[in-house]
Structures are given as C-alpha cells and as structure tokens.
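Chemist: Just so you know, the protein sequences line up as chains A and B, in that order. All letters in the first sequence, in the order written, are residues 64 to 496 by the working numbering. All letters in the second sequence, in the order written, are residues 2 to 97 by the working numbering.
Don't take each hint at face value.
Derived, one-sided and incomplete: chain A residues facing chain B with beta-carbon distance under 10 Å [stated by the list, open to error]:
(1) Thr127
(2) Tyr129
(3) Gly135
(4) Glu156
(5) Ala157
(6) Ala322
(7) Ser324
(8) Thr337
(9) Arg343
(10) Val347
(11) Ala421
(12) Asn422
(13) Val423
(14) Asn424
(15) Lys426
(16) Ala469
Since the hints were made in silico from the structure, they are not lab data. The C-beta atom is built at its ideal place from N, Cα and C for all residues, glycine as well.
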Amino acid sequence: MRGRSRIRTRGRTGSNSLLSQATAALGAAPYHYWDFTTNRALFAGVDVGAVASTPGWSFTRASTGYAQTLSGLLVPFASGVPRRTDKGLLVEEARTNVALQSQTMSSATWAKAGTTINANAYGAPDATTTMDGIQASAGNSGHYIQQGIVWTNAIQTVSAYVRYVNHQWIAIGHGDGTTARLASFDLLNGVAGAVTNVTSTITSLGGGVYFVTLTGLTANLAAAGNISVSMNSSNTASLQTWNASGTEQIGVWGIQAEAASGTLSAATSYIPTTTVAVTRAADVPNVATPGTPYPNTMFVQFNRTSGVNLGNSFAMSLDAGANDRSVILATTVNQPQAIITAGGIGQFSQTIGAALAANVNAKVALRTAATSANVARDNVLGTASGAITAPASPTTVRFGVDQTNANPINGYVLRSAVFSTGLADAALQRATL
Amino acid sequence: MSWNTSLIDGPIPAYQFLGFDPNGLPIFGALLPIYNLNVAPQVMTAELEPFVVEPANPKRVFAGDDPTDRTLTVCLSFASETEARAKLAAYWVAGG
C-alpha cells in the first residue's frame, strides 16, 4: 500500500465523517475533497474543516462582491473573501457596472418621464427594503426612467431586478444614439416578450420578483447612449406612449450595464453603484502543492450562470503551469471538455455530452494515467485513449479558472476532488453519478 | 495577453473635466491621451508611487470602495500602455 493511502485512516472515519460522505457520493475514497456547498474540506484524507483551512489554500479578489443562495438571496462578501454559499463557490471574471445609482432611482442621475419614484418601497433581493417603486403619472405620455451612458464598442448586457406590483408590461432598453435595443417583459406572468436588436432572459426569484437581462452589440461610441426602464401598456419593445390612470406601479432594483469581456456575453452577479462606475475584480481560488503525482483522477461538479459562452471557461485545473495540465472546461458552445497537456503537447482532448444550459449542474471526472486517459460526465463514460505521456506532477489545483488563473467558469463550483489513483472506467463513470 | 483582472482594472478612459451640470453631474470633454489603471493596494511598490494620481472625480473604483475616500483602489496614470506594461510586467499575463 502506498504511504499516503494510510493517511486516509486519520481523522474521523465514522459513517458521518466527511470522508464517508465523499466516498458515498463519489463511489471511491478521494485523496482531496472540497464541498463548497457545505464549506468542508478533506486534504490528504484528513478532514481539515472549512475549505479555507486547506493547506496551501489561497484566494484573491480585490473587491467586494455578491453571490446568491439556493433560496435566491443575494449575500454580500468583503474584498478578498471567497463568495461561498449553499450554491457553491462563485467564480467570475472582472466586470464593471457603468449604470450609476443602480438602486436609487430617485437620484437625479435617472431622468423621469411620466413617472414618480416611491423610494425604498419594497423588499430587494439582498433582504433590504431598498427597492424603489416606479409609478406612472396620470395622462397620455411615455412613462419611463432613463440614464445617459457612454458605451464602449462591445456586446453589452443590461440587467435588473424587477417586481410585479400591479402593472404587467415593462420594456428595458439600451440605445447607443443610433440603434435602439429593447426587450419587453411580462411581470404578471414572468415571461420574456418582444425584443428589438437584443436577446433577453427572465428568471423568477419568487414573490413576484424577476431577474431580467437583455444583451446586444452596442456598435457605436456615443455620448447620446442611454439605459431606459419603461412602463408599457402592451407587449412592445419600445418606450410606449399610453394613457395611464396614475396608479400603475412596478418595483426596480439593481440595474446593471456591463460589457462582455473574457469568456462571457451575459449578466454577472450584482455590482452596486452610486456616483461612479464600479468594478468587481476577478475571483482566483487555488490550492498549492496538492501532492498528487500522476496517475490521478480529478472531479468537479459545477454550473455556469449563463447558457452562452464567448470562450473556453474552466471549471478545474490540476497543473504545473501552462504546458503540463489536466483541465475540465466548458467550450465556446458551452459543452464540457477534458484536456491533458504534457510538455506543451496535447495528449488527450474530448468533449462529452450536450451543451450546458444556464444554472444546470454537471459532474465531470478526468483520469490522467500514462496507460490511458478518459473522461466521464453525469454517469456517461467517454472514450478511453491509449497510452499517453503524463504531465509533470501538478503543483496547483485551481477551482473555476485555468492554469493561468484566467478564463473563469462564470458560475458556481459545488464540489471538487482529486483521487490519488487513475480510476478505472467503471469507477470514473460512477464518480459522476 | 491582458491585465491580471483580479488585481488590475483598466485601461480606464479619462476625459477632460469641464465642470458640473445643473444636476451636479460632471461634464466631460475630449478623451485624454493617457493610460490609466486602477490597481489593488497589494500591487503597489515604491517604483509605482510616482504614477499615483488622486482624481477628484474618479471614473470608477473597485466594488466596495468609497469613491471619495478610496482604500481598495489605487489610481495610476501612465503616458502609454508601453510604460504601464514595463512597470507592471508581472501583472500582464497570458490567458487560455
């Protein structure tokens, strides 16, 4: 028996121990195991307690940030603190919210047309009563709020948390001075409606609150650009003129406008703003010196918060730098893929299964062994390779980023593991059950 | 290659500042020919001190920072991208 295998007997080993739980979940005893949903970690077979107690653990993010719980609550995290909730560890690229006064529609930053603001009238997704009501003024006119934006030439996503109060239709838009881009939403039924030059999404958070997004290319640098939130009388992607009685109201909070960058052309987690644009820095979680030379097996359970992808997004990397790595990622079409590189030369590359939809979890395991590599996803086995050259022994485990700490998954990593052996095909498949 | 976005934000366009409008919002003019970066405090070294600027109206800050009393965001201004990359070479990284 190899020396490190004996270590597995240290620590708690009863049926309720973390090792027992991990073994039951994966079908084999892992050498390292991180459950980000419960904040528990096993390192070299030993229960070390919280994930951050893992020997060699490091994390950077030079800003505050928000993450969501399973119940939909937005939780704030201080600078440098991993955004871990019961959904897992949120790992995102850097983004900047250029919409000012993101949750203060009463500010002069927001011009009002045919509307008045009822400040802090409703509960917001962060459990504060900071969601403003927008009430239509009586009469035949447009009924909207608007803010001027200087866009960059990029794919832009505008998002907001909106609440049904007593009014069904809204349209949110981002124009660049030349082309209007708008999306209509039905707040009564929680359905995305008509669009003009954008794609849109709507997600229910319960209680009549929805997270809505619209994404489209803003092709012009234009000082005349803007963001608008319009109360409409029907399903139309425009700033509609209609005759309001004066009682119609919706709730709006957390308006965000962000340019696509890195791997994602969709909304990321909320970034509050007041008087200036605000940047949330990228998340970089690592564990140094894993001590798991090849052969080994890596496992990760993850999701992406968007169903679209501009570039490869990495769920897990076990590497000794860029030239020697075993990685699990989502491709440009959001399909899980496993890649092994040794000495800068590709040894194994296989996509597996269908493309990932937004917020759908996937379990992927990758065996890296000189005799054969293989991958499994969600209880489906890939095609084993013949003999490969094993990479140099890994020096770092990275969660949700690639071997250069870039190209983040833009989603949640729920659980991850490293086995000190190359699991046979049946066991590899079982780990992803 | 790009900036390490866990610690560096930019380049940040800077415009000529022309005062405030009746709503108290800043009015900007032409784009200035300088290369601005926001960096986290842990990036700072003595060599970078000459490049620190204290804009009265910063265009953006790191999340969680107070625009009027910055603690998470250090604003640096370079003459060009070339100069910035020379001074912050360790943070100009490959991706993919």
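Chemist: Does each hint hold? Answer for all of them.
Modeler: Structure-based check of all given hints:
1. Thr127: Holds - the Cβ of A:Thr127 comes within 10 Å of chain B, reaching about 3 Å at its closest.
2. Tyr129: holds (9 Å)
3. Gly135: A:Gly135 check fails; min Cβ-Cβ to chain B is 21 Å, beyond 10 Å.
4. Glu156: Status holds, d = 6 Å.
5. Ala157: holds (4 Å)
6. Ala322: Violated. Min distance 12 Å.
7. Ser324: Hint on A:Ser324: holds, closest Cβ of chain B at ~8 Å, below 10 Å.
8. Thr337: Holds: closest Cβ of chain B sits about 7 Å from A:Thr337, inside 10 Å.
9. Arg343: Cβ of A:Arg343 sits 4 Å from chain B, so the hint holds.
10. Val347: Hint holds; A:Val347 Cβ to chain B Cβ min 5 Å, cut 10 Å.
11. Ala421: violated (23 Å)
12. Asn422: violated (23 Å)
13. Val423: Violated. Min distance 25 Å.
14. Asn424: Violated, because the Cβ-Cβ distance from A:Asn424 to chain B comes to roughly 25 Å (cut-off 10 Å).
15. Lys426: At 24 Å from the nearest chain B Cβ, A:Lys426 fails the 10 Å test, so the hint is violated.
16. Ala469: holds (4 Å)
Of the numbered hints listed earlier, those contradicted by the structure are 3, 6, 11, 12, 13, 14 and 15.
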